[in-house]
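Participant: Let's have the full structure, built from the sequences with the hints guiding it.
Chains as they are written, first to last, in the working numbering: chain A, 8 to 510; chain B, 7 to 548.
Think of the hints as simulated: they come from the structure by calculation, not from any bench. Predicted model only: the values in this text are computed from it and were never measured. Careful: at least some of the hints might be erroneous.
[Claimed, not checked] Stretch by stretch, here's where chain B covers chain A in the computed footprint (C-beta under 8 Å, at least three residues):
1) 119-126
2) 409-418
3) 426-438
4) 453-461
Think of the CB as a built atom: it goes at the ideal place given N, C-alpha and C, for glycine as much as any other residue.
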Amino acid sequence: MELYQTLQSLVTSNNASWKFLIPEYSLLFFFLMGLLIDLFFKNRKWLAGLMIAGISFSGFLTFQQISASIEIQQLFNGMLILSNKIIVFKLLITLVVGLFIIFASTDYRIKKQNTPEYFYLVPLFLIALNMLCMSAHMLTIYLSVEMVSLFSYGYVALSIKDKSNAESGMKYILFGLLASALLLYGISLMYGFAGTLSLQDPNFLAWFAKAPMPIIALSIGLIMAGFLFKIAAAPFHFYAPDVYQGTSATTLILLSVAPKIAGYALFANFLGFFSFKIFNQILFWPMYNWETFLSVIAIMTLVIGSFVALSQTNIKRLMAYAGIAQSGFLLMGLIGYTSIGVIALLFYLLAYLLMNTAAFMLISYFEQQHEAYDLADYKGLVRKSPLASILLVVVFASFIGLPPLVGFTGKFLLFSASYQAYVASSNPAILITIITAAIASIISLFYYFIIIRNMFMREATWVKVNKEEQSILYFLVLPLILAIIYFGILPSNIISYIQSIIA
Amino acid sequence: MNNWLSVLIFLPIAAALILLLLPKRASNVFRPVTIVISLLQTLIAAYLYTQYLKNPQGYHFVERTDWINLNLGTFGRLNIDYFLAVDGLSIGLLLLSAFVMFIAAIASNEIKKDPKAYYTLFLLLSAAIMGVFCALDFFLFYVFYELMLLPMYFLIGMWGGPNREYASIKFFLYTLLGSIFMLLVMIGLYFSVIDPVTGEHTFNMLYMMDAANYTKDSYFSIFSSDALLFNYPVRFFGFIVLFIAFAIKIPTIPLHTWLPDAHVEAPTPVSIILAGVLLKIGGYGIIRICYGIFPEAAIYFSYWIGLIGVVSIIYGAFIALASTDLKRMIAYSSISHMGFVILGIASLTSEGVNGAIFQMISHGVLSTMLFYLVGIIYQRVQDREIAAFRGLAQPMPRYTLFVVIAFFASLGLPGLSGFIGEAFTLIGAFKSASVNALLPRGFAILASVGILIGAAYFLWTLQRMFFGAPRFKGAQEWHLKLKDLTATEYLVLIPLALITILLGIFPSILFDASNNTINAWAHETWIHGIANLKSMQSLLKF
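Facilitator: What follows is the structure, given as structure tokens:
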């Protein structure tokens, strides 16, 4: 009888849960459409258009899911969760994916290589990313991490075919496998001692805290390794520069932003389940103070990212290390796990999305137009592509955090959140993180301005010009730049809106 | 109409946007448009100045609206105001800035490369400078302060001399180093200060200046009993960080090394802006922000600040004496002259601080004149080595006349503006020993030695370059090139020379505006500083 009731409640919960996955169904539908078109039609010109429509439609459906209450919806007996905060993460990811696919449809290199799967796999990738945001159970977490990784490997390999590319795809897979093995091992240890894989189980923390300290340390450490890999934070960042260098800048629009946002969504959810404050109280071991742990990770990430970026000669490697440093900034939003911290994190993710998307679009533009891959290739480019060069200056200024651009406002919020966390806990590690972040901002000026100096102040002996195509700058990059300026000067509306729906 | 300050700030931005939309072909309208805009700004600033003089106290032309206003739940509200106003401290500097920008726009005739980019950046810079002097909300101030960096970087880096890349990035790095840490202190202050009206945290500088507005347990509170860092009050560290940020800008020893590089590489109009306006932002920031917000730290460190001023005066003068490049010499003389500003501020006497403001404005006019004069011969023969010229007075007698005026005014000849500024700061420094015992008398004596060395390098340069029989490095070719002043050059130099003489004879033109504000300021800084220091010493026992 009891079993019957349990089963019944399971079924009811499942039945009630399906409707929350409508955006994902629509994506699945568009993926299948793409697959069929690929099979039966020779002319696939409008495939990209269809996918853009599909992504926008799913974005619209996701937006519709924003509910009046801030309550967390339990889906499929707590395997997945959905809340307005998660919807915001999902919307950010949908935005990146949409921008990516619009830009990719103009990339002549992708047209030439005739790989329609480049377009119709995008909806599936988006499903994986959405799942990662929603996971609340160690099983779903592991599955969606793997799904996202699988598509990431695929995109690295799909991007322009040459030797170095296969190498970076391989490196990515090997590092990814290692990270997922570590994650899996950490999960199994956790399961062994907590007796459940559900992070929302009321007994989970109590049981888990009874395990021997070294085991807890090992288990959390291994799980963190898997997460840090996803957000490219030190010390699990090694794959990023190689992968970036071997991949086309167009693909990097997708790969440098979308998995990172999903990774932060997962990280934020995970820390939420771990009942930040309670966990700090149960375990008095200093290492298990989340604030110290995250601060140390943030400091390492900031230092490694900024200092190594200084010595790069390839633009995509430089952007990879710069992205690692940016990860350090984003981690600052999670340190205190305060409400302002989450707002700051979401806002900086929006900022990061706008900046990074614009940056890689411009880098891809320079690749396509002038075959510029190394920093030296950027010399004198302002003479050939003045508009794109000026736009890149704005993006980099925003990355450095100069007002009145969105990067400054985001960093200001992150600094404020960390300062609040510091005041609340008086943990000196947080203060050191803040100072390190300030120094990292100054260093970032140096490496970003190597590129700007080359573009504006050095003369090129010879610049290759492939085609005079500027329209993409006007209808895609320029709006992003305007958004960077707009959200820098007037961030109130968007922050108030996010604030109103998540808290 | 009472939003004149906004007009002053946004007029150049609007003009910059219009220039951006104009086609590149229209290259001959960029400079006239810029000149007209900066002339308009100067006229507006002059009008505001005369209006201010009618009732020279308190804040005038106040504009205050919500800018960023966020409700962050448990965290409280994030309030950032668009808060502009001027008082006796800033109105003079505002007028100076507008005027210097006007002169710099006229002096930009040497710029031939990419005029569109140049004038757009020029106007953007102009807007940021106006904003810095008007903003009374710390966040807004910071935005304008940082907004100056990018245009300045490109103005030096794209139109500068051979070593411009190095000079421009050095300028950028130094300033950013100061300002990023300023941002951290700003955030700390924000979370410590409460708007007494609404009870929310605020960036309003005026509220930050009142000890009563700090929440009791905050890090920057005067009444906190545990706000210590390495056994010193957190407020002292806040003061030091802000002081370093502005000391880089002024600049003082030992944070000055970017300035000679930037000046030597920058084109003439950019040098004019740099010396005429940007250095003043450092002095303004110290008076308004460092001293205004942390009076007790200012009193506590006044000896060291005075010492930095004196060392800057003497060191700058000695290096100027040894310089072989005329522009580098003037750059170092700037460091020396700005040392008087620091000394005057450190004395915390009414004379000293009034003198400091006078000195800033006088130096703004004089350095504009000096750099323009250097630009004139550099434009003629592409050389400015002191040793390359001899007997310039013969081919260029009228030019020499203006050089003599500028040099004598700079070395402090009575009757010209430099004298008043230096004399008043020295009086302040002397008086300090007997009034508030902040600075020893020796400082004033050492600073007077600085004036002597100043006289030495100016007169020596005059003798080497301008007198005697003409003999140039470029021989006959240079004789032909070294023509006397053109009409444009007269247009720039005559008003500058007149202002120098006028300020020297009627210093009250400036003192009338600053006197009330500064007297009250010096008095309050002293009273509050002593009170804060006592309360902090009893609570923190440092």
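Participant: Do three or more residues of the stretch 426-438 of chain A come closer than 8 Å to chain B, measuring C-beta to C-beta?
Facilitator: holds (count 3)
Participant: Is the listed coverage of the stretch 453-461 of chain A by chain B valid when you require three or more residues with a beta carbon under 8 Å from a beta carbon of that chain?
Facilitator: holds (count 3)
Participant: Using C-beta distances, would you say chain B covers the stretch 119-126 of chain A, given that this needs three or more residues below 8 Å?
Facilitator: violated (count 0)
Participant: Counting residues of the stretch 409-418 of chain A with a beta carbon closer than 8 Å to any beta carbon of chain B, are there 3 or more?
Facilitator: Coverage by chain B holds for the stretch 409-418 of chain A (4 residues, Cβ < 8 Å).
Hint check: a violation occurs at hint 1 only; the rest are consistent with the structure.
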